[in-house]
Amino acid sequence: MKSASKLLRVLAVLLSFVLVVSACGSDGDDGGSADGGSEDAGSDSGSDDAGSDDSGSDDSGSDDAGSDDAGSDDVELAQGGTLAAVQSAGTLQCGGNDTLPGFGIVDADGAFGGFDIDFCAVIAAGVLGDAAAFEVTPLVAAQRFPTLQSGEIDVLIRNTTWTASRDGAEQANFLHTTFYDGQGFMVRADSGIASLDDVSDASICVLTGTTTLLNLNAVLGDLGIPFTPVEFESNDELNPAFQAGQCEVWTSDASQLAAFAANMDIDTAILPEIISKEPLGPVVADGDTEWAQVVNWAVMATVQAWEWGIDSGNVDSFLSSEDSSILRFLGEPITDGDGNTAVAEVGLGLDPKFAYNIISQVGNYEEIFEANLGPIGLTLAGSPNDLWTNGGLQYVPPFR
Amino acid sequence: MVDKAANYLGDDIMSALAVDSTPPSAKLSPGDWMKKNLFSNAANSIVSLIVGLAAAALVWFGLKWIINADFAIIRANLRIFLIGQFPKEELWRPWASAYVLILGAGLMTGAMARNSYELDISQELEPVKESWGQMVRRFWPVLLVSIFFVSFARTIMPYIGLAAAFVLIVVTRELGWRMPAAVRQRALYIGVLLFIVSMLVIAGTSRLGGYALGLVVFIWMMSELSQVETLPVGFVGTLVRAAIALVIAAAVAVIQNLIPHDGFGWENWGGLHISLFTTVVGITLGMPFGILLALGRKSNLPVLKTASVIFIEFVRGVPLISLLLFSNLMLPLFLPIDFERPADLTLAIVVITGFSAAYIAEIVRGGLQAVPKGQTEAAQASGMSAASVQRFIVLPQALRAVIPAMVGQFIALFKDTSLLSIIGILEFLRVSDTSNAQQEFVGKGLASVTYLFVAIGYWAFAYTMSKESRRLEAKLGVGHR
Numbered sequence: 000m001k002s003a004s005k006l007l008r009v010l011a012v013l014l015s016f017v018l019v020v021s022a023c024g025s026d027g028d029d030g031g032s033a034d035g036g037s038e039d040a041g042s043d044s045g046s047d048d049a050g051s052d053d054s055g056s057d058d059s060g061s062d063d064a065g066s067d068d069a070g071s072d073d074v075e076l077a078q079g080g081t082l083a084a085v086q087s088a089g090t091l092q093c094g095g096n097d098t099l100p101g102f103g104i105v106d107a108d109g110a111f112g113g114f115d116i117d118f119c120a121v122i123a124a125g126v127l128g129d130a131a132a133f134e135v136t137p138l139v140a141a142q143r144f145p146t147l148q149s150g151e152i153d154v155l156i157r158n159t160t161w162t163a164s165r166d167g168a169e170q171a172n173f174l175h176t177t178f179y180d181g182q183g184f185m186v187r188a189d190s191g192i193a194s195l196d197d198v199s200d201a202s203i204c205v206l207t208g209t210t211t212l213l214n215l216n217a218v219l220g221d222l223g224i225p226f227t228p229v230e231f232e233s234n235d236e237l238n239p240a241f242q243a244g245q246c247e248v249w250t251s252d253a254s255q256l257a258a259f260a261a262n263m264d265i266d267t268a269i270l271p272e273i274i275s276k277e278p279l280g281p282v283v284a285d286g287d288t289e290w291a292q293v294v295n296w297a298v299m300a301t302v303q304a305w306e307w308g309i310d311s312g313n314v315d316s317f318l319s320s321e322d323s324s325i326l327r328f329l330g331e332p333i334t335d336g337d338g339n340t341a342v343a344e345v346g347l348g349l350d351p352k353f354a355y356n357i358i359s360q361v362g363n364y365e366e367i368f369e370a371n372l373g374p375i376g377l378t379l380a381g382s383p384n385d386l387w388t389n390g391g392l393q394y395v396p397p398f399r
Numbered sequence: 000m001v002d003k004a005a006n007y008l009g010d011d012i013m014s015a016l017a018v019d020s021t022p023p024s025a026k027l028s029p030g031d032w033m034k035k036n037l038f039s040n041a042a043n044s045i046v047s048l049i050v051g052l053a054a055a056a057l058v059w060f061g062l063k064w065i066i067n068a069d070f071a072i073i074r075a076n077l078r079i080f081l082i083g084q085f086p087k088e089e090l091w092r093p094w095a096s097a098y099v100l101i102l103g104a105g106l107m108t109g110a111m112a113r114n115s116y117e118l119d120i121s122q123e124l125e126p127v128k129e130s131w132g133q134m135v136r137r138f139w140p141v142l143l144v145s146i147f148f149v150s151f152a153r154t155i156m157p158y159i160g161l162a163a164a165f166v167l168i169v170v171t172r173e174l175g176w177r178m179p180a181a182v183r184q185r186a187l188y189i190g191v192l193l194f195i196v197s198m199l200v201i202a203g204t205s206r207l208g209g210y211a212l213g214l215v216v217f218i219w220m221m222s223e224l225s226q227v228e229t230l231p232v233g234f235v236g237t238l239v240r241a242a243i244a245l246v247i248a249a250a251v252a253v254i255q256n257l258i259p260h261d262g263f264g265w266e267n268w269g270g271l272h273i274s275l276f277t278t279v280v281g282i283t284l285g286m287p288f289g290i291l292l293a294l295g296r297k298s299n300l301p302v303l304k305t306a307s308v309i310f311i312e313f314v315r316g317v318p319l320i321s322l323l324l325f326s327n328l329m330l331p332l333f334l335p336i337d338f339e340r341p342a343d344l345t346l347a348i349v350v351i352t353g354f355s356a357a358y359i360a361e362i363v364r365g366g367l368q369a370v371p372k373g374q375t376e377a378a379q380a381s382g383m384s385a386a387s388v389q390r391f392i393v394l395p396q397a398l399r400a401v402i403p404a405m406v407g408q409f410i411a412l413f414k415d416t417s418l419l420s421i422i423g424i425l426e427f428l429r430v431s432d433t434s435n436a437q438q439e440f441v442g443k444g445l446a447s448v449t450y451l452f453v454a455i456g457y458w459a460f461a462y463t464m465s466k467e468s469r470r471l472e473a474k475l476g477v478g479h480r
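Top line first, the protein sequences correspond to chains X and R.
Residue numbers for the first sequence follow numbering that gives the first Met the number 0, so the first one is 0 and each next one is one higher.
Residue numbers for the second sequence follow numbering that gives the first Met the number 0, so the first one is 0 and each next one is one higher.
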């Protein structure tokens with residue numbers, strides 16, 4: 000009994016100690032968050048300025064800032080000032096993939112590479128002026144949003160589909176879509192299946208427990224097409240089964256089907272129907288509008304350059320362009336109607352030459368696509384990822 | 000057999016018993032052996048045939064698979080498998096680091112073997128010097144697997160490097176054996192210091208490395224100064240000694256920091272190297288913490304006891320993977336905003352050390368309970384201090400009793416390092432996945448090749464640990480005394 004009461008006393012002392020410490024801790028936190036808040040106020044006014052420069056869109060600009068302030072105070076306090084933090088650290092922390100062919104891999108030299116990783120380089124070039132100034136943290140699917148929220152990474156570019164629930168519940172902020180993917184169907188070239196209508200009564204290979212399987216059941220069910228699903232745990236098992244003819248159709252994301260088809264000994268074809276929308280792009284944490292805008296415009300600069308035909312090879316020749324919008328885009332001085340020559344300041348908080356840095360060090364969208372996704376068998380021309388002027392979906396707001 | 004026994008009995012029984020009391024050795028010809036063990040009756044024959052055919056088929060298909068398998072993926076990614084994303088132009092660092100490590104290990108083990116040899120002589124026991132043949136038999140899995148790994152290299156350099164490593168092992172061990180007695184007594188410190196230096200060679204100089212060097216030098220100097228008799232004794236003497244040791248240790252740390260920071264730290268570590276490194280660190284740091292926790296749990300001081308119990312039961316009650324995630328995702332939220340985020344590997348090592356300490360603590364506690372109470376009482380009766388009772392009487396017996404469980408924990412820890420991939424560390428097993436995503440290998444079904452390669456790597460080191468534990472048991476007479 001005596002020892003028990005002694006233990007109780009010790010526990011009481013411990014408890015009070017913990018309380019005191021935690022009280023001190025929260026004091027410190029408050030101080031820190033107050034700092035973060037004031038920083039953010041500054042950045043908000045910055046974006047307001049940018050808004051008033053932009054002739055037509057004053058309202059929407061201030062709306063954005065307002066709703067942001069009201070909605071997510073707590074998150075904002077924890078996350079504010081990412082741009083300043085990244086610039087003072089000198090390194091961009093990028094969450095990526097290391098096992099997705101074409102999008103995020105570790106090559107035989109040990110370097111990260113791929114379409115998504117190149118957009119990490121784009122953001123690093125835009126924000127820091129150095130396309131090599133980024134570090135990749137490879138993430139498994141389940142860890143990507145918690146890692147983003149923890150602040151360990153500044154931006155997540157890991158073939159992440161933009162959905163409403165992720166925008167909402169995961170406190171994620173999806174930016175410009177870099178790749179429009181979708182669930183497609185692959186068949187052997189000699190199978191005689193030309194479209195989904197021919198799939199009737201076919202056996203379809205699919206990974207078990209994925210949204211791919213759910214989509215398959217929903218869409219073919221709605222169309223009234225009977226089929227037999229053949230489920231596999233991993234692509235390592237599914238791939239040989241498909242090649243051995245255990246199923247006539249393989250359904251997965253179209254980009255992945257192409258990656259696997261590129262290494263097959265048999266000829267394959269991908270059906271024209273795409274049954275789901277999988278827009279993939281960079282994601283940042285909610286609550287730092289300034290950072291989201293910076294990342295967004297860095298990524299969109301690659302599409303704008305493509306639209307103007309500027310690539311890493313010819314970007315220097317555009318520095319003496321006659322077109323004032325190109326000069327403004329590349330951060331060159333332009334002469335306005337009154338004869339004043341000055342570098343246009345768009346107010347993003349970036350070096351005016353950020354787009355030039357991106358294009359000269361990494362390249363435009365088309366170059367990034369062809370370098371990473373060309374080898375796995377994806378074509379850009381005529382795909383949803385083509386430029387809007389060619390009938391695709393890649394469209395960015397004007398750079399002025 | 001029957002004939003033989005009959006003949007034997009036919010001889011003069013008395014003289015036979017007097018001459019040779021051991022049973023006759025049953026040396027059978029292969030044919031007889033098979034008849035006795037495999038085909039003694041019809042049922043056994045059928046079973047033997049079926050099992051034999053199955054084994055033959057297994058070997059046949061296994062060999063066929065190995066011959067037909069495409070090992071290009073291993074050849075292309077060998078460096079990633081072994082040392083991860085280490086920059087190619089800095090490859091001299093892992094090699095130099097390995098050589099410094101071998102130098103330390105060779106000198107230390109050579110000196111220690113000689114020390115125990117001399118001890119045997121002084122105690123008039125039969126001294127044994129282990130032959131190189133015995134060494135090879137002890138470590139054949141690791142030797143074989145390092146040759147196996149290098150056989151995938153595409154240049155001649157790794158072969159030369161490995162051959163040089165083998166030569167260096169022989170030379171340094173013989174050197175350690177021949178060192179003067181005064182140096183040999185300090186071999187442990189030399190070995191540990193060279194271990195840290197080898198880590199600094201591969202990582203570049205760092206503040207952490209300075210602390211580690213300083214700590215070891217401090218402990219070493221304290222033990223050296225304790226033998227200096229001109230210093231005063233008692234509390235003042237301890238203070239003086241600590242001050243002198245601190246100055247020397249600080250000087251070493253400062254000198255280390257003066258060397259320019261030109262390395263990469265351990266951000267780029269990966270592959271088998273990181274698996275082995277975290278295991279070694281987890282064991283060497285986890286052991287002392289674990290023993291302290293076990294003693295703390297058995298202690299009569301309530302605060303110490305409660306703290307130990309809470310730590311052990313919390314860590315043991317939570318999966319390692321969740322601790323890793325906690326350290327990676329939650330811990331930074333508790334740190335001050337302007338606090339530089341520790342490297343992933345730093346967090347991982349803290350977690351792995353704590354995790355292994357908790358498990359080791361429970362194993363050691365089991366050992367402590369196996370020591371009869373009479374041992375403690377007898378030691379106390381002979382006037383030993385509480386610390387000495389634990390240090391010289393209880394712990395040696397307790398630790399000896401739990402060697403198998405302890406080594407089991409070490410092997411489990413080695414394999415648990417594959418969980419590090421969850422926090423973005425490219426460890427040995429993960430390389431299998433990443434290399435299969437490369438464009439030239441994707442979708443070719445090569446995962447079986449890479450998994451086999453990784454399995455052989457894990458097996459070689461785990462089996463060596465297991466062999467060493469059995470050797471240690473035999474040496475310490477576990478199960479006989």
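Among the hints, erroneous ones may be present.
Derived DSBU-like pairs: lysine-lysine, alpha-carbon spacing no greater than 35 Å straight-line [said to hold, decoys possible]:
| hint | chain 1 | residue 1 | chain 2 | residue 2 |
| --- | --- | --- | --- | --- |
| 1 | X | Lys276 | R | Lys414 |
| 2 | R | Lys466 | R | Lys63 |
| 3 | X | Lys352 | R | Lys297 |
| 4 | R | Lys128 | R | Lys63 |
| 5 | R | Lys87 | R | Lys128 |
| 6 | R | Lys26 | R | Lys474 |
No wet-lab data here; the hints were simulated from the structure.
Checked hints:
{"no.": "1", "hint": "X:Lys276 to R:Lys414", "result": "violated (40 Å)"}
{"no.": "2", "hint": "R:Lys466 to R:Lys63", "result": "holds (31 Å)"}
{"no.": "3", "hint": "X:Lys352 to R:Lys297", "result": "violated (67 Å)"}
{"no.": "4", "hint": "R:Lys128 to R:Lys63", "result": "violated (44 Å)"}
{"no.": "5", "hint": "R:Lys87 to R:Lys128", "result": "violated (42 Å)"}
{"no.": "6", "hint": "R:Lys26 to R:Lys474", "result": "holds (29 Å)"}
Hints 1, 3, 4 and 5, counting from the list given before, are not met by this structure.
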